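A.B. asks: Protein chains in written order, with the numbering used here: chain L, 0 to 307; chain V, 198 to 705.
In short, the hints are calculated from the structure, not lab data. You may find that some hints are simply not true.
Claimed, not checked - Interface residues of chain L toward chain V, partial, derived using beta-carbon atoms under 7 Å:
#, residue
1, 159
2, 161
3, 164
4, 172
5, 178
6, 179
7, 180
8, 293
Unchecked claim - Pairwise CB distance ranges (calculated):
#, chain 1, residue 1, chain 2, residue 2, range
9, V, 341, L, 259, 46 to 56 Å
10, L, 97, V, 310, 42 to 52 Å
11, V, 532, L, 86, 36 to 46 Å
12, L, 241, V, 310, 27 to 37 Å
13, V, 593, L, 86, 36 to 46 Å
14, L, 263, V, 571, 53 to 63 Å
As the structure is a prediction and not an experimental result, all values here were calculated from the model. We put the beta carbon where it would ideally sit given N, CA and C, even for glycine.
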Amino acid sequence: MALISSWLGNTPEFAVPFALAALGLIITEKSGVLALGAEGLMLVGAVMGIGAYLSIENTPLALIAAMVSASVVSLLFALMVLVMRINQVISGLVLVFFCQGLSTWIGSQFGWVNRPVPGLSEFAVWGLADIPILGRVFIQNAVVYATPLIFLLSVWALYRTTAGLRLRAVGENPQAGDAAGIPVLGYRLAAIVIGAALIGLAGAFISVLSTKLWIANMTGGRGWIAVALVIFARWSPWKALAGALLFGCIEALIPQLAASGIKLSQYFVFMAPYLITLGVMIWVAVSKRDSSSQPGALGSPFIREERT
Amino acid sequence: MKPENAIQLTGVSKTFDGFRALVDADFTAKWGEVHALLGENGAGKSSLMNIAAGLYGPEGGSLFIDDNAVELKGPKQAARLGIGMVHQHFKLVTPFTVAENILLNLGHQLRSGWHRQRLRQVSDDIRAMAKKLGFHIDPDARISRLSIAEQQRVEIVKVLLAGAKVLILDEPTAVLTEDEAERLLTTVQGLAREGAAVILVTHKMNDVLRYADQVTIMRAGQTIARLKPDSVSVDELVKLTVGESAERSEPVMNAAEPGDALLSVRQLVSQVSDGHPPLNGVDLTLHRGEIYGIAGVGGNGQSELANVLMGLPEAVTGEVELIGEGSLSDLSALQRRQLGIASIPADRYGAALAGPLSIADNFALGDIHSGRYGPPWWLRQRAIENASDAAVLQFDVQGVRSQKQKAALLSGGNAQKLVIAREFSRPPNLVLAHSPSRGLDVKATLAVRERLKAARDQGAAVLLISEDLDEVLTLADRIGVMSAGRIVAEFSQPADRQAIGQAMVNHV
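Construct all of the structure, not just a fragment, from the sequences and the given hints.
C.D. replies: Structure follows, in structure tokens:
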């Protein structure tokens, strides 16, 4: 019983980085920009969150600094795909490798490796925390509670505002958007930068609030899982949140299994998320669900004077 | 006093990748008139109008609106100045609703309020405008659910609601049936009578003669004449658009000499999609030495029928038999080709040619298994290029600078000629042609038709599926009308146009 209770209780903490990164990716990709760089931006957020805390000793400000840093780095990606129109897949991969190097270098250069930070204190939701077994779920830090609100806000902005309509239009049919007088590249830039901020927050969540220290490459492939999650969720924020809970659930199970004495090779544990991702992708492909929910112009650069 | 000229372009030039699309072109449209811009494909009509709508930046020349010189920085500014363009390829976001699409376009004149209120307001405006024009439009319908004609109406409403006074329609009737075209052109004529300037970009003489008050003719990127259509004959108009040298007429149709039956299609039924089966019991028999034309309003199963016969995947029941060879049902597209079936698909660049490959490679694809170009593990590039070179010459494919040039760079007419050159590189038994002259100019259309006729005269059976009734009437020896997935009536030549038209619409 205690095992299940602590497993469920840990799930939200594992799910939030997936959820925030996937949401950031959805916002970017809804504008038609294929974003594969999440793993890299998460690392930037993670190292800068720790670095900012060690410098200013204020956790909320450290999280904001992490978001801003990821956004600034994403400008490089925006320059590549929007202005120079370099292939978006290649740009995304380059961004990941660049950020892996950059974050490792910054971390060791400033001596931020393995320096513990306090994180945010957890607090209980009044009344709910006393429910048997499930109660542990409702003792979390503020960012966990904020995540559903961030989703609510994003869904509202995407689907219930004129700006959201324009952003999605640019992702579906940029030529139509252009003819309607929408600044296509402006909306795409905004989508990249806002998406990057959320992905950076996901990374900082792992380092500042979860592990509470920085280790090189500590995101361990979660950015890639978020990319798969977006496809799995067919670019729907709510489905992505559900998927993030599922993956969080699985990830939270691994330490529980180890604690209960089941012996698992650590290499198998490292492989497990990718194995599950692979399984999900195959399931999506086999179930042949309609692909119409994918943004129509995903991955294609916008050029106005193209003759068709 | 209001100036007489609505929009004026003078000395406009534009180059695309070294190709001079516009050379010092002039154009003037007045308030209150329907002004046709006539010319062949590639004459520069769309480029000129895209400059007027602010989509392309010109390399030289000037633009006047209401006699004031303006410099357009983008489509948004053009819209603000009252210029609205309905493009040939609609600029609609298909997963969105009608109201959402129109809201997108109203960016610069949005009233304040919440998104939902704005949508409601726009929906009201759409209903009012649709009523005024005599259209039926549901603001909450998704674009992807609408027919081409309905989408076009949405485009027109969109442009008018954005405040367009100068309405540019790029090839508006190309995708419409005769009835739909007539209704549309009458509506825009009404708009002109109310004071708007309507510019009709077209290559159809009939549209010009019946609805235009003025016509400007373009050829090779230049505006070469401006006149009143009632002052000239059709022949003169054709001569002006095509150029003096190109006086060629439709192929002379000698009587067919039909031989034995070659293709038999029995009870072809496809799986239900969208509530009904696209093919619902097609029966037809095709003889050697005849052209069988299938006429009908688009979307009545023609594409599915073409796919089935060409061997592209379509789930169907029923029987397709090539007489003397047996059933085709289990044969792949390759096996069908080896039986002498040539196909000319409707989607030239998507299904017929591999655009990024060279002209020679595209040509060789048709016959690559024959061993003509060497064994599969050692293709002889030189043999391919020589064969392709000869075919390009024989079939008069223009615009080929090198055999290594990408096929995608060919214009529509020349791309189609290349397809035909490949398909006819061995004399075919059976030719399947789906909309073979769609989007081609007069000269290329004639060349394509000549080839189909020649194949017939050499004893091939030709199945011509076309939504252009004129084409079917000029070319076919027998005509089947397709409606709701079946051949509902058959006619032999000389066929009564009225009766065919009736059959096309009555069974829907």
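A.B. asks: All hints are to be evaluated individually against the structure, with a verdict given for each.
C.D. replies: Hint by hint, here is what the structure shows:
1. This hint holds: residue 159/L has a C-beta 6 Å from the nearest C-beta of chain V, less than the 7 Å allowed.
2. Given the 7 Å rule on beta carbons, the hint for residue 161/L holds: about 5 Å separates it from the nearest Cβ of chain V.
3. A distance limit of 7 Å between C-beta atoms decides the matter here; for residue 164/L the minimum to chain V is near 6 Å, and the interface restraint holds.
4. Because the smallest distance between the Cβ of residue 172/L and any Cβ of chain V comes to about 5 Å, under 7 Å, the interface hint for this residue holds.
5. Checking residue 178/L against chain V: minimum C-beta separation of about 4 Å stays under 7 Å; hint holds.
6. Hint status for residue 179/L: holds, given a least beta-carbon distance of 4 Å to chain V, under 7 Å.
7. For residue 180/L, the interface hint holds, since its Cβ comes within 7 Å of a Cβ in chain V; the closest pair sits about 3 Å apart.
8. Annotation: interface hint on residue 293/L violated; nearest CB of chain V at approximately 10 Å, more than 7 Å.
9. Restraint check, residue 341/V to residue 259/L: a C-beta distance of roughly 52 Å satisfies the suggested window 46 to 56 Å.
10. Range check, residue 97/L to residue 310/V: Cβ separation about 44 Å, and the 42 to 52 Å hint holds.
11. Our hint of 36 to 46 Å for residue 532/V and residue 86/L holds, since their Cβ atoms are close to 38 Å apart.
12. Remark: the range hint 27 to 37 Å for residue 241/L to residue 310/V is upheld by a beta-carbon distance near 33 Å.
13. The beta-carbon spacing between residue 593/V and residue 86/L, approximately 38 Å, falls within the hinted interval of 36 to 46 Å.
14. As the Cβ distance of residue 263/L to residue 571/V is approximately 57 Å, the hint placing it in 53 to 63 Å holds.
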